[in-house]
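Chemist: From just these sequences and the hints, can you work out the full model?
Spelled out, the chains give:
Number of protein chains: 2
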Amino acid sequence: TIVAALAERMAPAGARPLAGQHVLVSAGPTREALDPVRYLTNHSSGRMGYALAAAAAHAGAHVCLVSGPTTLAVPAGVRRVDVQSAADMHAAVMAEIEAADVFIGAAAVADYRPADIATDKIKKSDGDAEIRLVRTRDIIADVARDYPRVFTLGFAAETTDMEAAARDKRARKGLTMIAGNVVGPNDAFGRDDNALFVVDAAGAQYYERDTKAALAERLIAQIAERLADKTGQRA
Amino acid sequence: TIVAALAERMAPAGARPLAGQHVLVSAGPTREALDPVRYLTNHSSGRMGYALAAAAAHAGAHVCLVSGPTTLAVPAGVRRVDVQSAADMHAAVMAEIEAADVFIGAAAVADYRPADIATDKIKKSDGDAEIRLVRTRDIIADVARDYPRVFTLGFAAETTDMEAAARDKRARKGLTMIAGNVVGPNDAFGRDDNALFVVDAAGAQYYERDTKAALAERLIAQIAERLADKTGQRA
Chain A
604 TIVAALAERM
614 APAGARPLAG
624 QHVLVSAGPT
634 REALDPVRYL
644 TNHSSGRMGY
654 ALAAAAAHAG
664 AHVCLVSGPT
674 TLAVPAGVRR
684 VDVQSAADMH
694 AAVMAEIEAA
704 DVFIGAAAVA
714 DYRPADIATD
724 KIKKSDGDAE
734 IRLVRTRDII
744 ADVARDYPRV
754 FTLGFAAETT
764 DMEAAARDKR
774 ARKGLTMIAG
784 NVVGPNDAFG
794 RDDNALFVVD
804 AAGAQYYERD
814 TKAALAERLI
824 AQIAERLADK
834 TGQRA
Chain B
604 TIVAALAERM
614 APAGARPLAG
624 QHVLVSAGPT
634 REALDPVRYL
644 TNHSSGRMGY
654 ALAAAAAHAG
664 AHVCLVSGPT
674 TLAVPAGVRR
684 VDVQSAADMH
694 AAVMAEIEAA
704 DVFIGAAAVA
714 DYRPADIATD
724 KIKKSDGDAE
734 IRLVRTRDII
744 ADVARDYPRV
754 FTLGFAAETT
764 DMEAAARDKR
774 ARKGLTMIAG
784 NVVGPNDAFG
794 RDDNALFVVD
804 AAGAQYYERD
814 TKAALAERLI
824 AQIAERLADK
834 TGQRA
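Note that the protein sequences, when read in sequence, are chains A and B.
As numbered in our numbering, residues 604 to 838 make up the first sequence, in order.
As numbered in our numbering, residues 604 to 838 make up the second sequence, in order.
Rather than coming from a laboratory, the hints here were simulated on the basis of the structure.
One side only, chain B facing chain A, incomplete, derived with CB under 10 Å: (1) L637; (2) P639; (3) V640; (4) A711.
Lysine to aspartate or glutamate pairs mimicking EDC-like chemistry, simulated, CA-CA at most 20 Å apart: (5) B:K772 with B:D749; (6) B:K727 with A:D764; (7) B:K727 with A:D714.
Ranges of calculated distance between the beta carbons of each label pair, as one might list FRET restraints: (8) A:D813 with B:R775: 52 to 58 Å; (9) A:R748 with B:T722: 31 to 37 Å; (10) B:A721 with A:S728: 21 to 27 Å; (11) B:E733 with A:T673: 27 to 33 Å; (12) B:R775 with A:A767: 50 to 56 Å.
Cβ atoms here follow ideal geometry from the backbone N, Cα and C, with glycine treated the same way.
Modeler: Pasting the structure below:
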């Protein structure tokens with residue numbers, strides 16, 4: 604709108620530190636079908652990713668949010684692309700990545716999917732059973748490898764030895780920045796606060812427990828600083 | 604309240620055909636944990652079970668609704684017990700069954716659960732993987748076997764040869780009545796209408812496509828008739 608355009612021009616430059624930048628965010632869980640009724644998923648609520656999308660939009664960025672199934676509303680000023688499976692999410696991210704300056708992988712993407720998807724509902728039988736699983740493609744690692752100009756922020760959600768896992772994951776995937784959930788994924792999922800251990804080329808920082816909205820604003824501010832001074836682009 | 608009590612006494616008897624009866628309904632999906640973050644589930648929205656609980660309450664019954672995770676509100680006059688896994692749901696149903704005259708198994712209970720639940724999030728490795736599954740206990744079959752005085756209504760959701768599957772399931776589990784989803788579970792889940800193929804000792808009936816609320820009222824009316832004339836209690 605004209606009013607919004609005027610407000611944008613009149614806002615102090617510092618208030619819109621991501622003006623002109625394109626930020627792509629993934630959020631929420633994925634669903635990996637076993638058959639028409641059953642699927643494998645996880646407890647991600649999508650809140651951290653949605654908070655990051657909202658904070659990036661607030662900072663003036665063009666924001667595209669690739670989202671697995673959640674009950675959350677699309678944040679103001681954000682364009683959302685809805686997906687179900689890890690393969691859908693990979694395809695949607697790759698379709699949007701060319702335009703992106705920043706990719707934030709906040710989705711809890713399934714690491715594995717069932718090897719076969721049955722067309723009809725699988726009938727139960729008396730005995731035990733097993734599901735054969737195959738690895739899904741690693742979305743953020745593919746982005747970091749194929750689009751090295753893109754600033755990448757990933758998340759680590761291991762329940763044991765989180766700091767070492769976060770540092771290792773950042774190095775292994777070639778990410779610009781990583782944020783480890785300090786409270787553990789079973790606590791972090793579904794609640795509205797968290798604490799983060801954030802690592803980039805400049806070092807590690809501890810973000811004290813706060814709401815996901817406040818943590819998201821702080822992460823977005825840190826990304827904007829890094830883009831401005833062009834330090835910490837690669838490990 | 605006094606007003607409600609008066610209204611109940613003044614209503615024509617036919618309007619509250621389940622007055623004094625205790626109806627126990629299960630609804631929604633179950634979630635079977637693999638580890639603190641991942642789980643196996645299904646697309647059940649819980650709408651049919653919630654509609655049946657609402658219709659039973661409207662017909663004057665005392666209604667307890669044992670519900671897996673859904674986004675639905677508790678219907679007026681219904682007491683809800685929230686559960687997650689198939690084992691939780693089995694325990695909750697068995698804790699309530701002594702008082703029940705009718706058990707409606709409308710939940711989409713997982714047939715299988717992972718054999719092991721990891722305490723920490725399972726780390727991914729490079730290769731493929733598999734999940735060993737074991738059968739869960741069959742809640743409605745256990746109710747029919749151990750509480751033969753209870754009127755049982757089950758649902759069949761097979762995608763192939765539904766009529767034969769429904770008749771077979773009713774006989775095998777010893778249910779009083781069974782309703783087969785004519786449109787198939789992948790269509791029925793999440794939408795607000797359905798068509799049913801209903802079988803009891805008196806024969807089979809086809810319920811034409813209608814809203815789940817209308818189908819639920821018709822099923823509850825049929826149960827009330829059967830309880831009144833005490834026919835069709837067992838196959």
